[in-house]
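Visitor: So the chains spell out like this:
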Amino acid sequence: MAEEIRAMAAAAHGSPVGERPAGGDRPSGGDRPSGGGDRSDRGERRPPRPGGPGGREGGRKYFRRKKVCKFCVEKIEAINYKDVRLLAQFVAESGKIVPRRLTGVCTPHQRRLSAAIKQARNIALLPFAGRAS
Amino acid sequence: MNRTYELMFIVRPDMVEEEQDKLISTLETAVTSSGGNVKSVEKMGKRRLAYMVRRFHDGIYVLLTVEGGGGLIHELERRLRVTEPVIKFITVRIDEEQKRLDKIKAIRDARRKTPPAPPTTPAPTAEAGGETPAATA
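Protein sequences appear in the order of chains W and Y.
Using our numbering, you'd call the opening residue of the first sequence number 1 and step up by one each time.
Using our numbering, you'd call the opening residue of the second sequence number 1 and step up by one each time.
Keep in mind that a hint or two might mislead.
Unchecked claim - With a straight-line cut-off of 20 Å between C-alpha atoms, the simulated SDA-like cross-links for lysine to any residue are:
{"hint": "1", "chain 1": "Y", "residue 1": "103", "chain 2": "W", "residue 2": "65"}
{"hint": "2", "chain 1": "Y", "residue 1": "88", "chain 2": "W", "residue 2": "127"}
{"hint": "3", "chain 1": "W", "residue 1": "118", "chain 2": "Y", "residue 2": "51"}
{"hint": "4", "chain 1": "W", "residue 1": "82", "chain 2": "Y", "residue 2": "75"}
{"hint": "5", "chain 1": "W", "residue 1": "118", "chain 2": "Y", "residue 2": "103"}
{"hint": "6", "chain 1": "W", "residue 1": "82", "chain 2": "Y", "residue 2": "45"}
Keep in mind the hints are simulated off the structure, nothing from the lab.
So that you can see chain Y by itself, here it is in the shape it has in the complex (with noise of 0.2 Å):
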């Protein structure tokens, strides 16, 4: 039951790179000895905020990509919450969305494969019945 998450936190902006990299190293750590394994980090950078948050208007960004299961999400959460620099995150299931952007691609790429021959006279409108259904799908 391996579970894909994205993980998408925002520290202070006055955070120095190099505590950022202790607090993404402690967080790794905790991944790897809960079971699980960090498929990515990626430092997004300082960014303006939308709104004001704990008194601020940026904030640097962190995506930290995790497999594990819930367990894994539930510590790692707990975690953010209380380590104090963090002042928003926001924890994503990707696995099935990836999975169903998966079948659409192979879905794609074997029509697009195929219809070199097929008898679509009447091609646009065909196409475009065609496609509606496996965008919902």
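This is chain W alone, in the form it adopts within the complex (with noise of 0.2 Å):
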């Protein structure tokens, strides 16, 4: 019963979802354009809503923000294993690297973060696992 509801509503929103991508709607990190229907029931993913393409910003309630390279928008470029304060902030609580997907650092930022990273663990300024004691 439920099943039939949600494909209802997916096809009710057929024609507006299929013309999202078109809309720019792709880049904010919405990689399932169909699947917008039948998660709505998460909230942080987009509610049901025939927003029209136009609609960026302002239409949608909890508008997930793009994630950005740091160092692309401040402009960073030096990243060194000297500089503890920068690298902590892609290194977990137990001491792993974040993954791109997750901190929005651009390929070839990530890279040279991963190598700082190594570079300062050797040093012992990061740890290699669990927090620094």
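Using the hints, build the complex out of the two chains.
Guide: Okay, structure coming up:
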């Protein structure tokens, strides 16, 4: 029963959902355009709203911000192993390097970042595992 | 073939100031005798280590910037390895990175000087599009 309702809802939203990618919605992280209909119960996904392709930020209540590369935005070019403050932002509590898909760092910068973090680990500026004692 | 290296090493936390200076000066003489030169010496002071190294939780960090070839680095690393109070060290070549940074800086400066008149109607997008390749280069 629930399946049917969902299917109907998806069908009802069919056309606007189909149009969305053209409206510039793709870069905002919505990589499954058709999934918007049946995932509305989660809240953080986009609600079932036939928002036109023009309404980028205004129309939706729960707008998931597009992740941007911190290094590109702030124009930080020097990713140095000595800069522990900077590197620590990209290291999880467990000591792991946080993946790109979570932080939004672009590929070239993530490459430099991970190299710098590994150097910092070698000289005991950052932990290999666990938090800095 | 002159390269620039950064030599960071950690000495045990109970090492007194004079001994540190002595160690640093011996390293400096080793550098100059092998035909390199020391650009800067920085004592970064005592810091908490991120993990235990040789049963120490703290260490005194020293940063040395030297110019010279690979043989010099080989010699310096050998010395650090046999020096008992040194608990950890790392050598990083920095000249290429510095060159890259200078290049980016030059590009940015040039762009900053020229822009007053350019026909950039879609300014933010054009800026973003132009900036990213520069960052990757």
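Visitor: Broken hints, numbered, in rising order?
Guide: 1, 4 and 5
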